[in-house]
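Below are the chains, spelled out letter by letter.
There are 2 protein chains.
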Amino acid sequence: MSGSKCTRLSGALVKQLLDSVDSVLFDCDGVIWRGDQAIPGAPQVINLLKENGKKVFFVTNNSSKTRKMYADKMSMLGFDVKEEEVFGTAYCSAMYLKTVCKLEGKVYLIGSNAMKQELEAVGIQQTGVGPDHISGKQADWANVPLDPEVKAVVVGFDEHFSYMKLNRALQYLTQQGCLFVGTNRDTRLPLEGGKAVPGTGCLLQAVETAAQRQAQTVGKPNHFMFDCVASQFGVDRDRCLMVGDRLDTDIMLGSNCGLKTLLTLTGVSTVADAEAHQKSGCAERQGMVPDYYVESIADLLPALQG
Amino acid sequence: MSGSKCTRLSGALVKQLLDSVDSVLFDCDGVIWRGDQAIPGAPQVINLLKENGKKVFFVTNNSSKTRKMYADKMSMLGFDVKEEEVFGTAYCSAMYLKTVCKLEGKVYLIGSNAMKQELEAVGIQQTGVGPDHISGKQADWANVPLDPEVKAVVVGFDEHFSYMKLNRALQYLTQQGCLFVGTNRDTRLPLEGGKAVPGTGCLLQAVETAAQRQAQTVGKPNHFMFDCVASQFGVDRDRCLMVGDRLDTDIMLGSNCGLKTLLTLTGVSTVADAEAHQKSGCAERQGMVPDYYVESIADLLPALQG
Numbered sequence: 001m002s003g004s005k006c007t008r009l010s011g012a013l014v015k016q017l018l019d020s021v022d023s024v025l026f027d028c029d030g031v032i033w034r035g036d037q038a039i040p041g042a043p044q045v046i047n048l049l050k051e052n053g054k055k056v057f058f059v060t061n062n063s064s065k066t067r068k069m070y071a072d073k074m075s076m077l078g079f080d081v082k083e084e085e086v087f088g089t090a091y092c093s094a095m096y097l098k099t100v101c102k103l104e105g106k107v108y109l110i111g112s113n114a115m116k117q118e119l120e121a122v123g124i125q126q127t128g129v130g131p132d133h134i135s136g137k138q139a140d141w142a143n144v145p146l147d148p149e150v151k152a153v154v155v156g157f158d159e160h161f162s163y164m165k166l167n168r169a170l171q172y173l174t175q176q177g178c179l180f181v182g183t184n185r186d187t188r189l190p191l192e193g194g195k196a197v198p199g200t201g202c203l204l205q206a207v208e209t210a211a212q213r214q215a216q217t218v219g220k221p222n223h224f225m226f227d228c229v230a231s232q233f234g235v236d237r238d239r240c241l242m243v244g245d246r247l248d249t250d251i252m253l254g255s256n257c258g259l260k261t262l263l264t265l266t267g268v269s270t271v272a273d274a275e276a277h278q279k280s281g282c283a284e285r286q287g288m289v290p291d292y293y294v295e296s297i298a299d300l301l302p303a304l305q306g
Numbered sequence: 001m002s003g004s005k006c007t008r009l010s011g012a013l014v015k016q017l018l019d020s021v022d023s024v025l026f027d028c029d030g031v032i033w034r035g036d037q038a039i040p041g042a043p044q045v046i047n048l049l050k051e052n053g054k055k056v057f058f059v060t061n062n063s064s065k066t067r068k069m070y071a072d073k074m075s076m077l078g079f080d081v082k083e084e085e086v087f088g089t090a091y092c093s094a095m096y097l098k099t100v101c102k103l104e105g106k107v108y109l110i111g112s113n114a115m116k117q118e119l120e121a122v123g124i125q126q127t128g129v130g131p132d133h134i135s136g137k138q139a140d141w142a143n144v145p146l147d148p149e150v151k152a153v154v155v156g157f158d159e160h161f162s163y164m165k166l167n168r169a170l171q172y173l174t175q176q177g178c179l180f181v182g183t184n185r186d187t188r189l190p191l192e193g194g195k196a197v198p199g200t201g202c203l204l205q206a207v208e209t210a211a212q213r214q215a216q217t218v219g220k221p222n223h224f225m226f227d228c229v230a231s232q233f234g235v236d237r238d239r240c241l242m243v244g245d246r247l248d249t250d251i252m253l254g255s256n257c258g259l260k261t262l263l264t265l266t267g268v269s270t271v272a273d274a275e276a277h278q279k280s281g282c283a284e285r286q287g288m289v290p291d292y293y294v295e296s297i298a299d300l301l302p303a304l305q306g
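Just so you know, the sequences run in chain order A and B. Note that the UniProt record's numbering has the first sequence beginning at 1, numbered continuously upward. Note that the UniProt record's numbering has the second sequence beginning at 1, numbered continuously upward.
I should point out that these hints are in silico values taken from the structure, not numbers from a laboratory. Here the structure is a predicted model, which is why all the values come from computation and not from measurement. Treat the hints with care, as some may be off.
Any copy, or any two copies together, can satisfy a pair, since identical chains are not distinguished.
[As the list claims (entries may be wrong)] With a straight-line cut-off of 20 Å between C-alpha atoms, the simulated SDA-like cross-links for lysine to any residue are:
(1) Lys5 / Arg239
(2) Lys195 / Gly136
(3) Lys68 / Asn47
(4) Lys260 / Asp299
(5) Lys106 / Thr7
Taking the hints into account, I'd like the entire structure generated from these sequences.
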């Protein structure tokens, strides 16, 4: 294979790369779909990879869906995917708390209903989701009743994020021994037409600033999501490819875990972004330079059909 | 006067320092009061300073009160203070937008009713305060109706801070030429008994993370608050003393503006904090070392009564 990085993947190189791997990890949004629409050709690529004997997994930082919700969405869009092949941060955070933190106690949850469900699925209790509006005055906020069983604050995407939730998190996090876990640090959720809405990273920053503590984050580029996949399916990192549209999360995860990396241009990052990292001369930024790039994962189709 | 910094102010040194200044700037919370109680002796100190011909001003990062609300509170606690002598960030932000930014347009306001009033008092329109709950889905949030007259986003303390406000701020801040101003960066509001609630700095961090932009902040340690006082009252910075309980805001403001600085230990920072900055050898941290410290501003009383 070529020794240089950020190579356009085409022609014979595609088959060569696919032959060199047994497992392929895909990010979802911007890679296999955008919003509620499959990237054209993506379902065939995924399904053919599996027919050709590859293990295929999905790793997404989005914490607003359970594994089941992802699998259902994928089926609807024509992907042949099982729930067990999907690793979202709602599920992975629950696994992290259970297997790494070995949490004994409840979670104060800033997050979605999906996170609640994934926590419950592994036997972790939480304080509930939904609105938490302000009332009373400063002294009341500082003395807000706390659940004595709470031993961890977990922050994921929460459209009901509020000053009161921020305050409750602060009060828990100043207690001795309270764990602090975030699903991911993505600052924006990109939408069609160049628009975006605030991502979990904004909420996490607010809580970290209040608590004067850094959260441990579970999502990409942290290696935990790969560890999850690898431990459950026995993935060989030397024969594994990570495919994503973001350099700072997807490609960085691949680099952090020693995987081959492929950038697809149907999402957030561009080849110019990757080249800027490459030329920066900054060691830390080299992890954001992919081995290869494609316009779309549909570019893998000819090699799979051939 | 002593050439070394962080000197305990007592005995003859008190009168010597007071004789060397014409104006004294006081922070409020932790300096002249705590919560709703005056620091014992503080009203006498302020009133005697004025009787002795000193100009006295109050500079506070707290954006939740108008100048009038502060003056009323001070009168109630026994301080002889006029509205014009109080410089809070609600008022100073309005002045900053009017005199420095020369804003022509409306403000999208994340803040208090006091901020609304101070903006209106200088003739700046704003979008209103109070709750802004979430509804709809991601695509609706990204396409939330925007007021075309808004030309600035202003972030102050807002107990109704919510995901929807964060999102609205992001949508405005991605528009060409939209100004971005924060009242201050204090991360916590300290309360009695070591408790605290999240401060404006947390909300500002969330908005900055979403917008991928830094706000211009008006509050201490930015020199603008001193400029406001100096331009209205002709203060000579060589003959001016800044008194505060926080090294990172109050003492830093004094250093930034070339004022004499006095730390009082009735609030947040300790002598050990100051000494740690002094010993750090870090140039930037030297600005957080006060010239003098006292247990309480009541320690100034004997020199004023003598």
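Hints and how they fare:
Only within a single protomer do Lys5 and Arg239 lie at most 20 Å apart by alpha-carbon distance; the minimum there is 17 Å, versus 62 Å between protomers. For a Cα distance limit of 20 Å, the shortest separation of Lys195 from Gly136 across copies, 16 Å, qualifies, whereas the shortest one inside one copy, 36 Å, does not. Within a single copy, Lys68 and Asn47 get their C-alpha atoms as close as 18 Å, which meets the 20 Å cut-off; across copies the closest is 69 Å, which misses it. Only within a single protomer do Lys260 and Asp299 lie at most 20 Å apart by alpha-carbon distance; the minimum there is 17 Å, versus 68 Å between protomers.
In this assembly of identical chains, Lys106 and Thr7 lie within 20 Å of each other by CA distance neither inside one copy nor across copies; the values are 47 Å within and 49 Å between.
Checked against the numbered hints listed earlier, the structure breaks hint 5 alone; every other hint is satisfied.
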